[in-house]
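Asker: Line order of the protein sequences matches chains A and B.
Position one of the first sequence corresponds to residue 1 (my numbering), numbered consecutively onward.
Position one of the second sequence corresponds to residue 1 (my numbering), numbered consecutively onward.
None of these hints come from the bench; they were simulated from the model.
Small disclaimer: the values here were computed from a predicted structure and weren't measured.
Fair warning: there could be bad hints in the mix.
Cross-link-like lysine-lysine pairs, in silico, DSS-like; alpha carbons within 27 Å at most [what the hints assert, rightly or not]:
#1 Lys161(B) - Lys54(A)
#2 Lys42(B) - Lys189(B)
#3 Lys227(A) - Lys161(B)
#4 Lys159(A) - Lys227(A)
#5 Lys161(B) - Lys182(A)
#6 Lys227(A) - Lys153(B)
#7 Lys227(A) - Lys182(A)
#8 Lys182(A) - Lys212(B)
#9 Lys189(B) - Lys227(A)
#10 Lys189(B) - Lys159(A)
#11 Lys179(A) - Lys43(B)
#12 Lys161(B) - Lys43(B)
#13 Lys43(B) - Lys153(B)
Single-letter residue listing:
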Amino acid sequence: MSSIITSPSHAAFERTTSRWGSITLFIGFLIATSVPFYLLFVADANIDLGEILKGFLAVFAVYGVFYIVEPLTYFPILGPAGMYQAFMIGNVANKLLPSAIVAQDTIGAKPGTRKGEYAATMAICGAAIIHVASMVIFVGILGTWLVSLIPEPVTLVAKLYILPAILGGVTVQLIASLKQLKSTLIALGMAALVILVLVRLVPVLAPGDVAIVVFLTILITWFTRNKAVTDKRPDSDGTDTVGIN
Amino acid sequence: MTVASGSADYIGLANAPILWILAMAVMGVVVVQSLIYMTAVKKNAESAGMSQQEVRSAFRAGGVAAIGPSLSVVLVAIALLPLFGTPPVIVRVGLIGSAATEVASASLAAGTMGANLGDETFTRGVFIVALMAMSLSGAGWMISTLILTPIFKRSSHKLEKVNPALMSIIPGAALLAAFAALTFRELPKSPTHVIAVIVSAVVMSICLLLAKTLKQNWLKEWGLGISLLIGLVAAYFAHYAGLGMPEA
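If we strip away everything but chain A, and leave its shape as in the complex, we get:
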């Protein structure tokens, strides 16, 4: 157990979410992984272990770095509780974080505060329920019927442009909600520099691009912060334009 407990009920929240978050994530992992094993044993498809290993390694070569980089990138945003939700449900950047941002904006809570954390947790729960309902109803029950209904060009556009069409809006809402002009400028500047320049010059860095931007932005924001304001009280409702208010 961690030794710094600022409020007994927040400790209770952390205890519950850490214990049950990890248990549910582990169960989700077991069930999801059992699907291909079931097929492997009943299918009679003549597959040897080498083929599976080769297939996995091809995927691992591309995504293996992300197993580490993504949790590292999202931890400062999600906190421990949100981690178990996000890496169970997936769709972090296109669904869960946008929902958390919208909810914090709606009730006026800032990320990094308790209230912000609770708002994000509730928002992700709301998003999770909608996610499950949409998967069960529209994919599970109506899926095979809908697939014959929706024209192929529409599906193709959704597939190709879903992410940019979400990101443009979410980024604007995030900027409007946080009202941290300096951090915003630093983040946009670093993103432009790293994605449009650095990664082009040093392509090996591409899998870590977002993490690099996050790291640099935190670093610069930290060292240029207005110490008189931010180092006093984390939750002060001051009139500071920089840092968190």
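Starting from the known structure of chain A, fit chain B onto it as the hints suggest.
Answerer: Frame of chain A, contents of chain B only:
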């Protein structure tokens, strides 16, 4: 290696009743986790100066904001049904990962067996190897989260003790940086990507401006759905005007 028979002979197998049960169980686990978390927030909200009204508002806002993204994910998931069968699509797209990651993983794995997604080379054996690779890769994310989260938690508590301001600055800066980077990453892909980002951003700005001037708070919740939809409509016209990605 594998018998190249009818292209989708594995679809019956992929829709086996036991796989439906597993798929529903996975969705059930997500719901159970959410219920536990919701109870934990409700019980402890007071300690953060958060009213029960705000707890409900946050839940509703999160749910409403997820409608647009969920429906677009559904659209993509449906397109994958003929290829993988319904239960595997629910498990793969419904859990960690996204439609894009899963399709890429499947085609990478299929490639190691000299097969392609969606044509007659994609046999029963290739299907299982691809699904296995996708599942093991998804497991990689889950396991490393299970291992890393407690470690990160300990170090962030330590950092917090060193300087409390750290935890008040980092999340906001990290969020801004992550979304700035994710957005910039879309821009070089094609002119249509640029149009989708800009249209979505402009529509959101209008929604937020209207929400503020007209005091219509619901526009903050629905803004994402509206800007996503109009962004996709703009992308549709741009794509078929020839500004899109060359590959399908």
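Asker: All hints are to be evaluated individually against the structure, with a verdict given for each.
Answerer: Consistency of the hints with the structure:
Only pairs whose Cα atoms come within 27 Å are accepted, and Lys161(B) paired with Lys54(A) is rejected, the gap being roughly 46 Å. A threshold of 27 Å between alpha carbons decides the hint, and for Lys42(B) with Lys189(B) the separation of about 43 Å lies outside it, so the pair is violated. Pair hint Lys227(A) plus Lys161(B) holds up; C-alpha atoms about 17 Å apart against a cutoff of 27 Å. Between Lys159(A) and Lys227(A) the alpha-carbon distance is near 45 Å, which puts this suggested pair outside the 27 Å criterion.
Restraint check for Lys161(B) and Lys182(A): the C-alpha separation of about 25 Å stays at or below 27 Å, so the hint holds. Only pairs whose Cα atoms come within 27 Å are accepted, and Lys227(A) paired with Lys153(B) is accepted, the gap being roughly 25 Å. Proposed proximity of Lys227(A) and Lys182(A) is supported: the alpha carbons are some 14 Å apart, at most 27 Å. With a C-alpha separation of about 22 Å, the suggested pairing of Lys182(A) with Lys212(B) holds against the 27 Å cut-off.
Proposed proximity of Lys189(B) and Lys227(A) is contradicted: the alpha carbons are some 40 Å apart, above 27 Å. Straight-line distance between C-alpha atoms of Lys189(B) and Lys159(A) comes to about 14 Å, which keeps the hinted pair within the 27 Å bound. With a CA separation close to 30 Å, the supplied pair Lys179(A) and Lys43(B) exceeds the 27 Å bound. Between Lys161(B) and Lys43(B), the direct Cα distance comes to roughly 26 Å. Compliance with the 27 Å bound is thereby established for this hinted pair.
In summary, the hint linking Lys43(B) to Lys153(B) is supported, as the alpha carbons are separated by about 22 Å, within the 27 Å threshold.
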